[in-house]
Amino acid sequence: MTKRAVSILIILTMVLSIAGCGTKEEAGAETINVGAIFNLTGGQASIDEPSYNGFKLAADEINAAGGINGKMINVVSYDGKTEQTTVASNVKKMIDVDKCVVISGLSDSNYALAAGNVAQEKGIPFITSGATLPTLPDQVGDFAFLAPFGDDIQAYAAAEYAIDELGVTKAYMLIDQSMEFTKTLAFFFEERFVEKGGEIVLKDNYMNKDPDFSAQIDRFLANQNGAEILFISGVPDDAGVVVKQFRDKGVTLPVISGDGFDTPLLIEVAGPAAEDTYVATHTSLENTDEKVQNFVKAYNDAYGRAPENAFAALGYDAMYLIADALGRATDVTDPTAIRDAIAQTKGLEVVTGVITYEDGSHVPNKSVTINKVEGGKFVFQKEVSMSN
Amino acid sequence: MKLKDSNIFRLILFVLIPLAVIIYAGLDSGGYYAGLINLVGINIILVASLNLVNGFSGMFSMGHAAFMAIGAYTSATLTLNAAQKATYMPGLPEWLMNLVLPFPLALLAGGIFAAIVAILIGFPVLRFKGHYLSVATIGLIVIVRAVLDNEDQLTNGARGVTGLPPYASTWIIFTIVILVLYLLHRLINSAYGRGLIAMRDDYVAAQTLGVNLTTKKLSAFCISAFIAGVGGGLWGHMQSVISGKFFYIDYSFKIVQTSIIGGMSSLSGSVVGSILMTYIPEFLAPLENGLRIFGTRLPELYGISNIILSSFLIVLIIFRRQGIMGYSEIITESIFSLKTYKSVFDKSEYRIFMESLKGSIKSIGSIPTRISVWISNKKRKKKGE
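From first to last, the protein sequence lines are chains A and D. All letters in the first sequence, in the order written, are residues 11 to 398 by our numbering. All letters in the second sequence, in the order written, are residues 2 to 386 by our numbering.
Looking at chain D on its own, in the form it has when it is part of the complex:
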């Protein structure tokens, strides 16, 4: 039995360790490393929702930043106090001026507003297929940006809105992460989700079998936009400052990139991709501002992390087009399956875990020999030819 099939192992790696990390971040709120963990959470929300459209439904949307912007501005409008609104949004109607909602409701409103825009945009845009849809959704980002920059009375123009209350704590972010992953996990494994996948794989066949393409496309797009709106709201309340500039094409590309690296057709991929894309730049940062090795200081290489990341993306696309996780759902399956939790009370599970652990340690130990065998095999092959 392989280690990754052991329920105890899954429990430790996918439930207990993340839980410990989240609790650490939650207790050290405001710290730099905690901030990074929160960012991972928000990225998971955004990427998972993008995967619903791009990975599972076979459409290719690039418009996520637009929905984030809508969510962020809506939630900002509903949580700022009246004095702040008078400064930043003097053009609001009277009833909105004095309306201050609790954060979860404001997030929900942001998501709903994003979903409404998605429906309005969806009718004309979802007729497109493939890259035409991508271009149309990029257009949506440009429109949203133009509105945000020019509706001075409602959005404070390009100056942006500052002073959003910092409500997006680690607890709230990861509660939403779990909710979103659970919702999408159940959705994808339902008849609805299988319909989506059928539509992705062969839309003619899917249509013949009674899948209504229009409603499927529109509803998936809409759900995805809703979650992106919520994610945008969280993002705004984490950064405490928002402006149209930041919900622009480059941010959208970044989400798409994360989604591709993790694996577009996998929710677990969104988790892995978000962790990697948030932390890799972190590890490369010392390279940028002059790493000290054994007392000597390397030259400053600003931009090197972008180059390394892009090379990584190219290599990944060549050798593993389906992303790191491919179609595997090991993370969400482990988290949302009772089996994982029941294993704690099952003695045989511990035995399996220990055995598979030994097996893995052995196989790691044998890597050098395996590599040498592999090399000698290659040499033999070459000679033979």
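Same shape as in the complex, but just chain A:
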């Protein structure tokens, strides 16, 4: 009986393999295949899925408006499953099997590095829609681009906003030591804050998912040294918890952080305690700018809900960045020409700001949005244009 089961299984596999071979995308000469690699399942799904939705939405809009010089965009997408191997092999598949000429996606540098390396090896441009590691293009090579700003820019923006707009000079820093993103963010914040004449009065550490911050808070209360602002370098799951615990112990100073705090969790978990928290992030969906509002409306129409977070806008923008480059490229079937066109992107106005690749850099010089929690929501404060 079991033997028969095995043989049936083997036959089934063979049948499936034949079926698998037969399902090729019918890509005509009139379409441009654009690869979309996102982690649609697994730990990254909560930020990659909105990103992917935004990406598809933009492609549909571009096609509805006549495509790229008459050619339609065909989005070829695969799930990276939040696994490096799957990401790498699916990027390979997009290039070898589906003949994609440009690839985009991913919101975490670790996966973007894997995808970028494969694309670099094959000479296909790769634009990460959401990963913010500023050194990514240096690590991967000349076919890799960032669509968002790098971590350094958002940290600089936070530091300058604190000094210039909030008028504070003494900061307390609390850093999640378990992640690269939070460490980098803190490093650049301190650099700019001190450069602009500020002073770090106390630095403390924690680890991602620590449930209790009372040791750090007590240490802070004992050595305040006149701190005027709390810079907390953390990621979404800690954001609400840490702010709430500080407020519960009577700390009313303003809090400032990067895009890791741009999460509904901050307000849901901390409630009224989240008030007076500043977040440096990619965009504000409340921004009255026409581009932003049009995007929010289009997303709402397409998916029946408002964009979940700024990553939806980042995915949307990545597609427009690609479309812009494809429109200018001398030959849309030549990846090198497309890469050169991307590198020459200048003054492209998108939802999350203006994208320009300056001086051969593959990290755009984009504006940073500062949001503030007021009355239980993120309220747009200021768009800061940064120069390195």
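Partner residues aside, some chain D positions facing chain A, computed with beta carbon under 7 Å: (1) 158; (2) 159; (3) 240; (4) 242; (5) 246; (6) 247; (7) 290; (8) 303; (9) 304.
If you are wondering where the hints come from, they were derived from the structure by calculation, not from laboratory data. Cβ atoms here follow ideal geometry from the backbone N, Cα and C, with glycine treated the same way.
With chain A's structure known, arrange chain D on it following the hints.
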């Protein structure tokens, strides 16, 4: 005579076809499908070495990802050039900075380093039995991850190391696959291996018969870790980027899952499991991103392949707990037995092959009748009761 007992059939199915596939992959290096075949090879190395511990020795380790990580980082340290090391690993001592070894030596070093860690960990951990050991080995993964993420000066922290030279070609991978399978095949069929199996089946009886449990356990764990370290090194040089995140619990689970599906107590199981677990997601992928059937496009169902795979695992555990191959070693026995190769020169072997082939074709043709007989038998039984 059954078809699977025919030496010619074995030669074709287990030697010639795989060889053709490997040669195809080796010539089309860098292609997507070749990449998948390389991945199968690496999975075989990892799963076969895990089977030595989990299947043949009766321990249950989940720590394979940790040994892979050690192997991968060691081999990366030894193959990157000085400029890359200055960027990623500024904290290395001077002599290591400028040391660049050939790939096979670097792999070997990765394996040895993994084995050393296995010995250090093995002394305290292997006192545990059953699931306590599993938990302890999961702990090892967490420790390795923490070290990799926080030793910025040596590992570049959570950013990982990129730009590993792509040395892991199909030829190298499958040479190592054959070496590993041969080594394990001989090991398991030696007095040492029988001792392991005795220990698995009844450790008290084994001890009474003079099997030294501590050395047995420790050495099996150590050999397994060595091979996992080599596998990790290959993996790193195939992906060209490594970071602590990828040698974590979920990857370990995946190896364990592959091992269970193929058959934990069989080296052939590691081969079958690796092939299935690498290719099934591949066939299910069209389902995920909206399969086109007769011009209509199905909705996108991301995650469906995970659900199907998990259901498959559950069904397998219920109906065939010993895995697909069970205790059969047909693949390794065929590959490593001279009989298989000699059969080419033996006329009678061809006759046996043709006869058994005819028999099999007949039996496949009679499946519908057999099924109907089976159903009517069932009905009769029901009525009778």
